[in-house]
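Read off the chains here:
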Amino acid sequence: MAAENPSTSSIPLVLRELTVRYGDNVAVRQLNLTVRAGEIYGLLGSNGAGKSSTIKCVVGLVPSAGGDVRVFGRSPIADPLGTRRLIGYVPETTLLFDALTPREFLEFVAGIRGMTSGEATARVVRYITAFQIQSEYEQPIATLSMGTRQKVLVIAAMLHQPQLLVLDEPFSNLDPRTVRIMKELLTEYVRGGERGILFSTHTMEVAELLCDRVGILDHGQLKGEGTVNELRRVVDGKGETLEEIYLRLTVSEEGVREAVRQLTVR
Amino acid sequence: MAFQSIHAHRQGNPLPKDVAADELVPLALRRVEQSKALISFLLVMMSFFAMYFLLDPVIRPGGVTIEDAFAPFTPLPIYEAAVIGGLLLFQLSLIWTTGLQLLPTFLSSRIVQLFETLPLTERQKDRIALYVVLRLFSYPIAVILVTVPFAVGFGLHSWVAGLAALPGAVAAVVLGLALALYTGGFFVRNVQGARGGAGRAALRWMYILLWTIPALAIYGSIIFGPGILAGFSTLSTQGTSSAWLAVSSIFPEPFAYLPILAATPAGVPGIPFLFFPILAALYAVFLGVAVVWILQAPRQIALGVARGEGPVVELSPPLRPSRPMWAVVRKDIRTASRTPAFAFILLLPVMDAFLIGLASIAGASTSAEAFGFAAGAVTTAAGFTVVFGPAFFATELMGYAYTRSLPLRDRSLMFGKLSLIVGVYVVSVFTILGILALRLFDPVHFLEFVGAEFPAVVAAGLIELALIFHMAEKSGLPVTYLFTGSYVGLAVVIPGLFVAGIPLVGFEIVNNIPGAPSDWALPVLALLSLFVLAGAAPIALSTARGGGPP
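As given, the protein sequences belong to chains A and B, one line each in that order. Everything in the first sequence is counted per my numbering, starting at 1187 for the first residue and increasing by one. Everything in the second sequence is counted per my numbering, starting at 41 for the first residue and increasing by one.
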């Protein structure tokens, strides 16, 4: 497998026929997806739809069972270090090196990323102040709330200003103020037209507001992809909101009604 | 606890190829059971040794009494009580040490917080937390309660004496648990939950040194046991003195004398017959209070874990990112400063060097003897370093999936861990050097020995790390997952010990060849060490070829 593919070297992320398996269980099935330069791409899906497996495969944490992943033309398998240098990653869960403080953890990440003291300090101070976690900066991560851990992970992901941000449920656990900052920050981040962002979420409102395009995953397969307007056309204009579109595309609208009916029967 | 050990998979670590997903929980449970079985085995062995020391001299091979070898003038009841007391102290220390090791796992599982949300009474929540903790000790506690009476009864040829040893066994379990929970809570608050900063880091390391006391008690009782027994013996010959009564009243001695009184109604020289039963009853009252505290302690400790919020700090001190290899080392040392179980792995070789060094101060009278002690101490420290070296990957367990998303070369990871292994060995060497500088001693000769042995320690570390990386690559699993299996631990440690041992075996052979010049041994050690290093280095470097860590 070639380490770099020139035809995709300016495109943040290209997935071709990606398949991810855990034993007999196929989590992602022949997924095709592209995150373009300057784009925020939202991956939507219910629990177990394959969002996190896709993201872990992009970052190189889970091996693919088939297909190809390219990050600016590089393969995470053939060139893991080169690919990881281009990516900033916020994992789904917030388990870190619990015995370190945010300062010590960020120092570790900056060291691995080969950053200088000056640039690391300047960025960390800016983010810590913006996210208002100065009082937790020297506390062990084990003692921090989920929201604060999430903020630390976001800072670690953005510390080296990566070309591709890969965020797995980045808004879970965050307070409204930080969510608002994050939305502005991410929009600004891709404005230059060279970087890209892939993020997964359950929250339709966030996706609708933030994403240039969304992909809807169901049982490991892409059921629809495009802007919200494009997806609305796919469902014959029968969905007003992204949530309604999502339910129609994943054929779960009837299921939702039935579940609600069952739950409300006295 | 079992769930905790499969948690890494949720963080992105791949599943093992040869284990189906639905077998993961049983596999994790089996590993917990293995760990408990290992501790139980140690407890059984100690009871067996105690029984052997108590048995009638005629049963022993060669007809030489062990009492005579250790403390020839000790009255038999005092010797027997010292053996039983030593056994109880060992059981207590092992429960205490194990509890301290496991408490952070119990707390980080946040199982107590989960039960807080359920409609249970306060009493039910207390009991659930207690049962979760007690399950960690299930076999060890059962083993203590069965083997101590058996060993004492069999050793003293009196089943009444065996029954009389039961209160001591119960007391050791209760006190061990109480100490584990109390000191564990203290360390969770003041070490794991401590803020960052250089001054605070130094304070944390001081706390961690205190934390090693129970392990030191196990180790020290073995090294200094005969000396303590001789002291008891001397005091007992002075009749009923306040010093003798005071020493005899220290836990666990009153409980240790109960079986002696049951087996020998004549009593103990210099001590009134009812002295020990009354003291044991007083201790029992105190232990009753401890039991009441233990019933609610696990939940209170778990809920008392500090939520991190301190004063707003000045952000001006700059971050000082290190090169990747040193970033791994700094991260591990910082992790160890807040993780007593991991710090213990780092400190064990140094503690060993310290204790053997102290023992040698008392024992060596000539420079040659002191060198013999020092060489023995540094070799033992090298052995500990090699045995525990692979455990340095244990720090990665939870955050490792995240680390694998960073551009960290496998060589940086490997050499970071190797630096820790070598660093621990070097600190041990200087500990011994510092202690033995006080005695008749030629430090140049000692440093020549260390210099000759050093390449073998590096070679052993390299081989172990290369084996771990190779297994990870072959199985497709992260290195941290591999280390959680005891088989893999052995498969890595035994070759490491072999590599470290080859030069020492050569050294011993040359030393013992009749007629061989005595100054040949050290060059042979140095040559063999360099030889194993020359073999190990290319293997390690070819295993860690420069990609991302497996």
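Keep in mind that the hints were calculated from the coordinates and are not lab data. Built from N, CA and C at the ideal position, the CB exists for glycine as well. Do not take every clue at face value.
[To be verified] Listed next, the in silico SDA-like pairs over lysine to any residue satisfying Cα-Cα at most 25 angstroms (straight line):
1. A:Lys1369 <-> A:Glu1380
2. B:Lys514 <-> B:Asp559
3. B:Lys76 <-> B:Ser198
4. B:Lys514 <-> A:Ile1263
5. B:Lys165 <-> A:Met1332
6. B:Lys165 <-> A:Ser1331
7. B:Lys514 <-> A:Glu1324
8. B:Lys76 <-> B:Met91
9. A:Lys1369 <-> A:Gln1347
10. B:Lys514 <-> A:Glu1380
11. B:Lys76 <-> B:Phe190
12. B:Lys514 <-> A:Lys1369
13. B:Lys514 <-> A:Asp1254
[Claimed, not checked] Here are the computed distance ranges between Cβ atoms for each label pair:
14. A:Glu1380 <-> B:Leu243: 56 to 62 angstroms
15. A:Ser1331 <-> B:Leu322: 57 to 63 angstroms
16. B:Leu78 <-> A:Leu1395: 51 to 57 angstroms
17. A:Gln1318 <-> B:Arg240: 37 to 43 angstroms
18. A:Ser1331 <-> B:Leu185: 53 to 59 angstroms
19. B:Trp366 <-> A:Glu1374: 46 to 52 angstroms
20. A:Asp1254 <-> B:Ala574: 54 to 60 angstroms
The hints, checked one at a time:
no., hint, in the structure
1, A:Lys1369 <-> A:Glu1380, "holds, 18 angstroms"
2, B:Lys514 <-> B:Asp559, "violated, 45 angstroms"
3, B:Lys76 <-> B:Ser198, "violated, 30 angstroms"
4, B:Lys514 <-> A:Ile1263, "holds, 15 angstroms"
5, B:Lys165 <-> A:Met1332, "holds, 24 angstroms"
6, B:Lys165 <-> A:Ser1331, "holds, 23 angstroms"
7, B:Lys514 <-> A:Glu1324, "violated, 40 angstroms"
8, B:Lys76 <-> B:Met91, "holds, 23 angstroms"
9, A:Lys1369 <-> A:Gln1347, "holds, 16 angstroms"
10, B:Lys514 <-> A:Glu1380, "violated, 38 angstroms"
11, B:Lys76 <-> B:Phe190, "holds, 21 angstroms"
12, B:Lys514 <-> A:Lys1369, "violated, 43 angstroms"
13, B:Lys514 <-> A:Asp1254, "holds, 22 angstroms"
14, A:Glu1380 <-> B:Leu243: 56 to 62 angstroms, "violated, 47 angstroms"
15, A:Ser1331 <-> B:Leu322: 57 to 63 angstroms, "violated, 47 angstroms"
16, B:Leu78 <-> A:Leu1395: 51 to 57 angstroms, "holds, 55 angstroms"
17, A:Gln1318 <-> B:Arg240: 37 to 43 angstroms, "violated, 23 angstroms"
18, A:Ser1331 <-> B:Leu185: 53 to 59 angstroms, "violated, 42 angstroms"
19, B:Trp366 <-> A:Glu1374: 46 to 52 angstroms, "violated, 34 angstroms"
20, A:Asp1254 <-> B:Ala574: 54 to 60 angstroms, "violated, 42 angstroms"
In this structure, the earlier hints numbered 2, 3, 7, 10, 12, 14, 15, 17, 18, 19 and 20 are contradicted, and the remaining ones agree with it.
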